[in-house]
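K.L.:
What follows is the residue order along each chain.
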Amino acid sequence: MNEAFFDKKEYKPLDRVDGRLKVTGAAKYSAEYALPNMAYGVLVGSRIAKGTIKSIDSKAAERAPGVLAVISHLNVIKIPGYAARGVHPSEPPTGGQPLRVFYDNKVYSNDQPIAIVVATSLEKAQYGASLVKVQYDQQEHQTDFEANAKNAVIAAAAKKNPKSPTADYDRGQTDAFETAPFRIEAEYVLPTEMHNPMELQAITAHWEADDRLTIYDKVQGTKTTQKTFAKEWDVPEQNVKVIATFVGGAFGNGLHSWPHESAAIIAAKQVKRPVKVVLTREQMFTMVGYRPRTWQKIQMGAAKDGKLVAINHHSIGQTSTYEEFTETTLMQTRMMYASPNVSTRYRLLPLNVATPIWMRGPGEATGAFALESAMDEMAHAIGMDPIEFRLANYTETDPDKNMPWSTKYMRECYEEGKKRIGWENRKLKPGSVRDGEWLVGYGMGTGTFGANRGPATVKAELDLEGNLVMHCAITDIGPGTATAMVQVASNTTGIAPEKITFHLGSSEFPNAGLQGGSSTVNSVGPAVQAACNALKEQLITMAAAKSGPDFGAAKPDDIMFEKGEIQLSGKSSAKLKLSDLFKQNNIQKIEATQESKPSENGKKYSMNAFSMHFAMVHVHPFTGQVRVKKIVCCADAGTIVSPKTAESQMIGGATGGIGMALTEDAVMDHRFGRYVTKDFGDYHVPVHADVPDIDVYFVNKPDLLADPVGSKGLGEIAIIGVAPAIANAVFNATGKRVRHLPITPDKLLGL
Amino acid sequence: MIQFQYERASTAKAAVSALANNAKIIAGGTNLVDLMKRNVMAPAKLIDINSLPLRSIEQQNGKMIIGALALNSQVADDKLVLEKHPLLSKALNAGASAQIRNMATVGGNMMQRTRCSYFYDTALPCNKREPGSGCGALEGVNRMHAIFGTSDKCIAVHPSDMCVALVALDAIVVVSGPKGERRIPFDDFHRLPGSQPEKDNTLQKDELIISVEIPDNTFSKNCHYFKVRDRTSYAFALVSVAAALDLDGKNIKEARLAMGGVAHKPWRLKEAEKALAGKPATEETFRQAAEIAMQGAKAFKHNAFKLKLGPNVIVEALKNAAGLV
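Line by line, the protein sequences are chains A and B.
Residue 97 in my numbering is what sits at position 97 of the first sequence, and the numbering runs on without skipping anything.
Residue 48 in my numbering is what sits at position 48 of the second sequence, and the numbering runs on without skipping anything.
Quick caveat, the hints were computed from the structure, so don't treat them as lab data.
Built from N, CA and C at the ideal position, the CB exists for glycine as well.
Only true hints are included.
Here are the simulated DSBU-like cross-link-like pairs (lysine-lysine), alpha carbons at most 35 Å apart as the crow flies:
hint	chain 1	residue 1	chain 2	residue 2
1	A	LYS747	B	LYS153
2	B	LYS90	A	LYS736
3	A	LYS419	A	LYS297
4	A	LYS499	A	LYS12
In silico contact screen, one side only, chain A against chain B (beta carbon under 10 Å); selected entries:
hint	residue
5	HIS620
6	ARG627
7	VAL676
8	ASP682
Work the whole structure out from these sequences, hints included.
P.N.:
If you want it as C-alpha cells, here you go:
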C-alpha cells in the first residue's frame with residue numbers, strides 16, 4: 001500500500017455508525033437479553049479475606065419464594081475443566097491460576113463469590129441471597145501493601161525466562177548513579193484503581209443443548225472467551241457461542257474470564273434454564289480485577305548539560321495469592337530516553353486480595369507516573385526546562401532493543417504541545433504565577449505503548465446494489481471500532497460509508513483477538529483492507545472478461561467505486577455499472593474472507609506509539625483544591641483512521657488520567673481486608689466539572705512498517721503520561737511534589 | 001431487596017397515623033432506596049407522601065415557609081430564595097448532582113443518613129446501623145469523619161450541605177405528630193451521637209416534617225457557601241462553611257457561621273459569630289474567629305488535615321462573603 005493511500009480522498013470524519021442505536025437505547029447490552037424461561041442469579045460474597053468455609057446454611061434461602069437453587073462448592077455439579085491437576089482452562093498471564101468458582105471451601109479474598117442464589121426474578125434472588133448464612137474458619141489475612149512490601153517476590157515468568165519484561169534488567173554500569181553530578185531519588189505510590197466502566201459486568205448463559213452453550217457476555221474477546229468456556233466444559237469450541245455486540249466500556253476488565261461468568265454458566269446448567277447474572281457496583285470492586293497498587297522507586301543521575309547518566313527503577317505491584325498478574329511497568333524506562341545506564345527490578349507482592357487485571361494504559365501508565373515525575377524532578381534539580389531536558393535525552397533508536405524506530409514523531413509533539421498549552425507562560429521557579437488567589441502551574445508527561453498487532457480475519461460481501469457488509473469477531477468496548485472499519489473500507493473501495501456495515505462482537509464471525517492493548521485498528525484494519533482488495537480482484541477478473549473498457553491489467557489499487565460504478569483510476573471513461581456486471585455474471589453478490597497477520601518488521605524495527613500530555617492547573621493555596629484548566633494531548637499514533645472517534649478516545653484517556661492524578665483511590669480497611677470506597681459516591685471518578693477543555697493533536701503520519709493501514713494504536717497512550725503531567729503542573733504551581741496519588745486537597749494544605 | 005409494604009398517604013394526618021411499626025416515609029427516595037437495596041435499612045412499610053400539598057415556597061409574616069416536599073433544585077432556583085436567602089441556594093447547588101437535586105426534597109435532605117462507609121456495609125461493624133456492634137471508623141478509615149462532638153460510639157458526619165445553610169439562618173423545622181404540630185429550632189433538630197448514634201435527630205418516630213421556616217434576615221448581600229471536596233462536583237464535603245455577614249460599611253454588625261463535614265450534625269459556630277460581631281471585616285478578624293471556631297476539635301488517624309483545612313475554609317468563606325476575594 002502506498003503512503004498516500006489515505007489521502008486518496010479528502011477525509012470527512014464519520015459520526016459513530018452505531019451512535020443512534022446507543023443514544024436511543026436500541027443497542028442491546030449483555031444484561032438486556034430477555035430469554036424465555038430465564039432465571040436470575042445473585043452472587044453471595046465471602047465476608048472474610050482468608051480462611052475456609054465451615055458451613056453454608058441455605059435452607060431459608062431455598063424455602064424463599066421463587067428461589068430455584070442455591071449453588072456452592074457443596075452441591076456444584078462436576079465441571080470438567082476444574083478436574084485433573086486442577087488447572088483452570090483460561091491461560092493465566094503468568095504463574096498460578098485463576099479462581100475456580102465454587103471449587104472448594106477456600107477463601108482467598110474478601111467478597112470472593114462463594115454461592116449463587118438462582119430465582120425466578122432478580123428481587124427474589126436478591127432476597128434469597130440475603131438469607132444465606134455462612135460460617136467460616138477465619139485465618140489471619142494480609143492485605144496491607146506497605147506492611148508486607150518486604151515479602152515481594154520475583155515473578156514466575158521472570159524466573160523461567162531472563163528475557164521476560166519482568167526479569168531483572170541492567171544496561172551499562174549498575175553503579176553509575178552513585179557518581180552522577182546530579183542525583184534524585186524518590187518513591188512513588190499509585191493506589192489501587194478500579195476500571196468502573198459505566199456498564200456493569202453482565203452475562204446471560206443459555207445451554208441450548210446439553211453440550212451447546214450460548215452466552216451474552218460483557219467481554220473484550222469473543223474468541224478467547226469461547227476457547228475458555230469450551231475448555232471449562234469440555235465441549236467443541238464451535239458449540240460455544242459468545243455474543244458481545246455492544247460493550248458499555250470495559251477499560252480492561254473484560255480481558256479475563258471471571259468467576260461470575262462461570263457461576264452463571266454453572267447455574268444455567270443446574271437449573272436447566274437460561275440464567276442472567278449482573279454484578280452490583282460494589283462487586284465490580286472485588287470480582288473483575290483492578291489496577292494493582294504499585295510502589296516504585298527511581299534513582300536518576302544526570303550531568304550538568306542535562307544528559308542522563310543513569311536510571312534505576314524498582315517496582316512492586318500487588319497481586320493475589322493464587323494467580324500472578326504482571327504488567328510492563330518498567331519498559332518505558334528502558335527505552336524512552338538515551339540513558340547509557342539503566343537498571344530495572346520488578347517484583348510482585350501476593351496479598352489476600354482478588355487478582356488484578358490490565359486497566360487502561362496498564363503498567364505503562366503506572367510506570368510513566370514515576371518516570372515522568374522523576375524527569376520533572378531532575379529538570380528542576382538541574383534548573384532546566386523539562387522539555388529541554390527531555391530533548392537533551394531524545395533517542396533516535398530504541399536503546400533497549402538496539403533497533404531503529406519504525407516511526408517516531410515526538411519532536412512534532414513537543415513543538416505543537418508547547419504552543420497549544422502556552423508553555424511560554426510557565427516559569428522555571430515553582431509558585432511564581434498567580435491568577436487571583438489561585439496558583440498557576442504547567443506540566444507535561446510523555447507516554448509510549450507498543451504498536452501491537454495480531455492476526456485478524458474479515459469476511460466482506462458486496463451485493464449488486466453496491467452494499468458492502470463485513471463481519472469480524474472483534475469486540476467494541478467503546479472506541480468506535482465499527483466506525484473506524486467502515487472508514488477503512490470506504491477509503492479502500494470508494495464506497496460511501498452509509499452503504500457499508502461492519503458487524504462485530506460474535507464468536508460466530510471470523511477470527512480476531514481481544515480488543516485490548518491498542519491493537520484493533522492495526523490488526524483488524526489490514527484485514528478489512530485485504531478483504532476489500534480481494535473483492536476488487538474478483539471484480540477486475542469479471543470486468544476483464546467483459547467487452548468494453550480495459551480492466552485486464554488493473555490492480556486493486558487502480559479501481560474505486562463511485563455511486564454503484566466501478567471506476568478505473570485515471571480514466572474517467574473507463575467505468576462499469578456494478579449491477580450490470582453482477583447481472584451479466586448471474587450473481588447477486590460476491591464475497592471474500594481474508595486474514596491479515598503481523599509482518600516480520602517487528603524483528604527489525606521497534607514499533608511504538610507515543611503520546612505527550614500537557615496540563616495547566618490552578619491550585620488554591622489555602623484549601624488545596626486543584627482545578628485542571630486545560631489539557632493538550634498530542635499523539636504520534638500513525639494514521640488516524642477515524643478522526644472523530646480517535647479524538648473522543650484521547651479525551652476519554654485524558655479524563656481517566658485526571659482521575660488517576662486527582663481523585664481515584666480504592667481504600668481498604670486492612671483489619672477486614674474489605675474496601676471502604678466501593679461505589680460512585682465514595683470512589684471518585686472525574687465528573688464533568690473536573691474535566692476542562694481537552695485539545696487533541698495528532699501527528700497523523702502513517703507507520704507503514706507497523707501495518708498496511710499505518711496505525712500504531714491509540715487507546716493506551718491516551719492515558720499514559722497524563723497523571724504525571726498533572727502532578728508536574730501541581731509542582732510547578734506550588735513547589736510541592738506529591739508522589740503518592742491521588743493529589744487530594746489534604747496533600748496540598750499548608751502551601 | 002427485602003419485601004415491604006407500600007402505602008400512599010393522601011393527607012398529612014393519614015401519613016402520621018400510618019407511621020407505626022417500622023414504617024418509613026418516602027419522598028424522593030434518593031437515599032432510602034439505596035439503603036434498602038443494601039439491606040442497611042429494611043422498613044416493613046413505606047409511606048409515600050409525594051401527593052401531599054407540601055411543595056410550595058411562600059413568604060408570610062416575616063418568614064419564608066418552604067414545604068417539606070419542595071425539591072432541592074426547585075428551592076435552589078426559586079426567585080424568592082435567591083433574593084432573600086441566597087446562602088441556601090448556594091449550599092443546595094453545592095450538594096449532590098443535578099439529577100439527585102431534581103428528586104430530593106427538603107425534608108428528605110434533612111433526614112438523609114450519614115455516608116460513613118461502615119454504616120453502608122453490613123459486613124462491617126457500625127453502632128448506627130446495628131447498636132452494640134462497634135464503631136468501624138473509630139480505629140478504621142476515618143478520613144471523612146467528624147472532628148467535633150464525637151463519641152466513642154460514633155464519629156460519623158451528617159452529609160447535608162443544605163442543612164449547614166439552614167442552621168446558619170436560624171431556620172425552624174415544623175413537624176406534625178399525633179399530638180399536633182411541633183416547632184424545632186434547626187440546631188436542635190439533628191443531634192450528636194453520644195451513646196445512641198442510631199438516632200440521627202430529634203424527630204419522633206410518629207412525626208412528619210411539614211415545612212422549614214426561615215425568618216427574614218439581613219444577610220442576603222454578604223453570604224457565601226464554601227465547600228472543599230475530593231472532586232469538583234458530586235462529592236461530600238471534606239469541610240464546608242456557610243458564612244453570612246451583616247455589614248455596616250467595613251464593620252460586621254452580625255455574623256452567622258456554620259460548618260459541614262465536621263460533625264454528626266450541621267455545626268453552628270456561635271462563639272466565632274460573637275467574635276466577629278462589631279469587628280472590621282478583615283482577614284485578620286476572620287482568622288481570629290476561625291481559631292475560636294476550631295476550639296475543641298479532635299482529630300482521628302486520617303482526618304487531622306481537617307484541623308488545618310477547617311479554619312482556612314472559614315476564612316475563605318468569610319472573605320468571599322465580605323467581598324474580599
